[in-house]
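Chemist: Fit chain F to the known structure of chain G by using the hints.
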Amino acid sequence: MRDIFQDLFNKVFGFFRQAEKEENAKDTAVNRLRVVLMQDRTNLTPELLEKMRGELIELLSKYVEMDKDALELNFEQEGNQMALMLSIPVLRAKDEDEIEDATEKSEETEDAAEESSEEEQTENSGENSGAESEENSECQEESNEKESNTNSKNKSK
Amino acid sequence: MSGRVIVITSGKGGVGKTTTSANIGTALARAGKKVVLIDTDLGLRNLDLLLGLENRIVYTIVDVVEERCKLRQALVKDKKNPNLCLLAAAQTRDKSAITQEQLKNICEELKKDYDFILVDCPAGIEQGFQNAVAGASEAIVVTTPEMSAVRDADRIIGLLEAREEIKSYKLLLNRVRPNLIKSNDMMSVEDVVEILSADLIGIIPEDTGIITSTNKGDPIVNDDSSLAGKAYNNVARRIMGENVPFMNLEENSGVFAKVKKFFSGLIGKEK
Chain G
1 MRDIFQDLFN KVFGFFRQAE KEENAKDTAV NRLRVVLMQD RTNLTPELLE
51 KMRGELIELL SKYVEMDKDA LELNFEQEGN QMALMLSIPV LRAKDEDEIE
101 DATEKSEETE DAAEESSEEE QTENSGENSG AESEENSECQ EESNEKESNT
151 NSKNKSK
Chain F
1001 MSGRVIVITS GKGGVGKTTT SANIGTALAR AGKKVVLIDT DLGLRNLDLL
1051 LGLENRIVYT IVDVVEERCK LRQALVKDKK NPNLCLLAAA QTRDKSAITQ
1101 EQLKNICEEL KKDYDFILVD CPAGIEQGFQ NAVAGASEAI VVTTPEMSAV
1151 RDADRIIGLL EAREEIKSYK LLLNRVRPNL IKSNDMMSVE DVVEILSADL
1201 IGIIPEDTGI ITSTNKGDPI VNDDSSLAGK AYNNVARRIM GENVPFMNLE
1251 ENSGVFAKVK KFFSGLIGKE K
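Order-wise, the sequence lines are chains G and F.
In this text, residue positions in the first sequence follow our numbering: the first is 1, and each later residue adds one.
In this text, residue positions in the second sequence follow our numbering: the first is 1001, and each later residue adds one.
Here chain G stands alone, though its shape is the one from the complex (with noise of 0.2 Å):
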């Protein structure tokens, strides 16, 4: 019998615990272990992490302007595909003169993989100025390391 009261009152207060959208000790774990297993596995410390993102600002800030404290960088995993998810509150786009004001600023310094984000650039620009200033752009990169476990552990016959 106390059982199904105990029960009854996890899901009730889980319930609430919910509503509040605090974090309960499942997803601490999971997340905890997401972020630790990322770095175990890449030897991506958190220190090299935040260099990137230093870097990214930067690049990304001759083309856009963005909420910068809000920029998230992180590890995602689907399945056996992991990912670098790169989220950017864009506040607004810059117009093509200050996109050129800043590149030529850093062509003194800065090499050519820049240019070929230049041009994907200048294309969305004008499409971008409309937009709305909330609005998140995701960037990604995956490594498209096929699930090749997958099928060579299912065969246990």
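Bear in mind the hints are in silico, worked out from the structure with no lab data behind them.
Cβ atoms here follow ideal geometry from the backbone N, Cα and C, with glycine treated the same way.
Each hint should be verified, as a subset may be incorrect.
Claimed, not checked - Among chain F residues calculated to face chain G with C-beta under 10 Å, some are:
no., residue
1, Met-1147
2, Val-1150
3, Arg-1151
4, Asp-1154
5, Arg-1155
6, Gly-1158
7, Ser-1183
8, Asn-1184
9, Asp-1185
10, Met-1187
11, Glu-1194
12, Ile-1195
Claimed, not checked - Listed below are the simulated DSS-like cross-link pairs for lysine-lysine, each with C-alpha atoms no more than 30 Å apart in a straight line:
no., chain 1, residue 1, chain 2, residue 2
13, F, Lys-1033, F, Lys-1167
14, F, Lys-1095, F, Lys-1170
15, F, Lys-1012, G, Lys-26
16, F, Lys-1167, F, Lys-1095
17, F, Lys-1230, G, Lys-26
18, F, Lys-1034, F, Lys-1170
19, F, Lys-1216, F, Lys-1095
20, G, Lys-26, F, Lys-1170
21, F, Lys-1112, F, Lys-1080
Stated by the list, open to error - Derived Cβ-Cβ restraints for the label pairs, each shown as a range:
no., chain 1, residue 1, chain 2, residue 2, range
22, F, Ala-1031, G, Met-52, 52 to 58 Å
23, G, Ser-61, F, Glu-1242, 58 to 64 Å
24, F, Lys-1216, G, Leu-44, 45 to 51 Å
25, F, Thr-1212, G, Thr-28, 29 to 35 Å
26, F, Glu-1066, G, Gln-39, 41 to 47 Å
27, G, Gln-39, F, Gly-1043, 29 to 35 Å
Modeler: For chain F alone, coordinates are given in the frame of chain G:
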């Protein structure tokens, strides 16, 4: 005959590698298969205790390697099941007393006469682990729904993937507590499987019967009324290629299961 060599490993200690080895081995033997259990935890042997064979050990794996006896002489027959025998670890030696090559040779030799050779791996990722894995072509990674165990399992999976001789590995989730999962206090089976992205071969519920069975030296699969015993039996059947559905631990967790179900139906489905 060419038997299958399966290493049972985990990285972290205390998650139930030896219990798993003893139970899967016993279950396979009960199903009529010829099974050898190899304890490779030199210096910290325990598989003999779980099987209740501690007083019968004359020769150990180190005696075989150092040619003080024949391999056949070192195999200790189980009390209950003539299909099952144990190759014990030496208690007075350390991990460096055998090499990967030597363990590989022993496994090759045993393959000729046995259906299954289960290698109980020591905790850690050092030489003991490397030795245990050397002769195997399949692995079972034992873990529990706890952060440290899952993290270590992830390391082990990485190391297993790097070894060419391991053709497949499966995950065994031990000490699962349905009540804690229900209240969102413990990671669920799905969580662990998703994080490790590995195939599951078994879900074993936490069972106090394990303690008494260990104390008696009688694996819990011999107790037909035990839930953990049934779960281990299912693992053995899956190893033999049967398609056995995973049991629903929630339904089995109490006499009031149906009443509970009714209540949870009223409150609404959980995710």
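Chemist: Next, verify each hint and record whether it holds.
Modeler: Against the structure, the hints:
1. Met-1147: 5 Å, holds
2. Val-1150: 6 Å, holds
3. Arg-1151: With a closest approach of 6 Å, the Arg-1151(F) hint holds.
4. Asp-1154: At about 5 Å, which falls below the 10 Å cut-off, the nearest Cβ of chain G leaves the hint on Asp-1154(F) intact, so it holds.
5. Arg-1155: 7 Å, holds
6. Gly-1158: Constraint on Gly-1158(F) satisfied, holds at 7 Å.
7. Ser-1183: Holds - the Cβ of Ser-1183(F) comes within 10 Å of chain G, reaching about 4 Å at its closest.
8. Asn-1184: Holds: closest Cβ of chain G sits about 4 Å from Asn-1184(F), inside 10 Å.
9. Asp-1185: Holds: closest Cβ of chain G sits about 5 Å from Asp-1185(F), inside 10 Å.
10. Met-1187: 5 Å, holds
11. Glu-1194: For Glu-1194(F), the interface hint holds, since the closest Cβ of chain G sits about 8 Å away, which is under 10 Å.
12. Ile-1195: Result: holds, 6 Å to nearest chain G Cβ.
13. Lys-1033(F) x Lys-1167(F): 22 Å, holds
14. Lys-1095(F) x Lys-1170(F): The given pair, whose Cα atoms are some 25 Å apart, holds under the 30 Å limit.
15. Lys-1012(F) x Lys-26(G): Roughly 20 Å separates the two Cα atoms, so the pair holds.
16. Lys-1167(F) x Lys-1095(F): Holds, at roughly 25 Å.
17. Lys-1230(F) x Lys-26(G): 27 Å, holds
18. Lys-1034(F) x Lys-1170(F): 22 Å, holds
19. Lys-1216(F) x Lys-1095(F): 28 Å, holds
20. Lys-26(G) x Lys-1170(F): 23 Å, holds
21. Lys-1112(F) x Lys-1080(F): 23 Å, holds
22. Ala-1031(F) x Met-52(G): 52 to 58 Å: 53 Å, holds
23. Ser-61(G) x Glu-1242(F): 58 to 64 Å: 59 Å, holds
24. Lys-1216(F) x Leu-44(G): 45 to 51 Å: The hint (45 to 51 Å, Cβ to Cβ) holds, given that Lys-1216(F) and Leu-44(G) are roughly 49 Å apart.
25. Thr-1212(F) x Thr-28(G): 29 to 35 Å: At 34 Å between Cβs, range holds.
26. Glu-1066(F) x Gln-39(G): 41 to 47 Å: Cβ of Glu-1066(F) to Cβ of Gln-39(G): about 43 Å, so the range 41 to 47 Å holds.
27. Gln-39(G) x Gly-1043(F): 29 to 35 Å: With a Cβ separation near 32 Å, Gln-39(G) and Gly-1043(F) satisfy 29 to 35 Å, so the hint holds.
Checked against the numbered hints listed earlier, the structure breaks none of them; every hint is satisfied.
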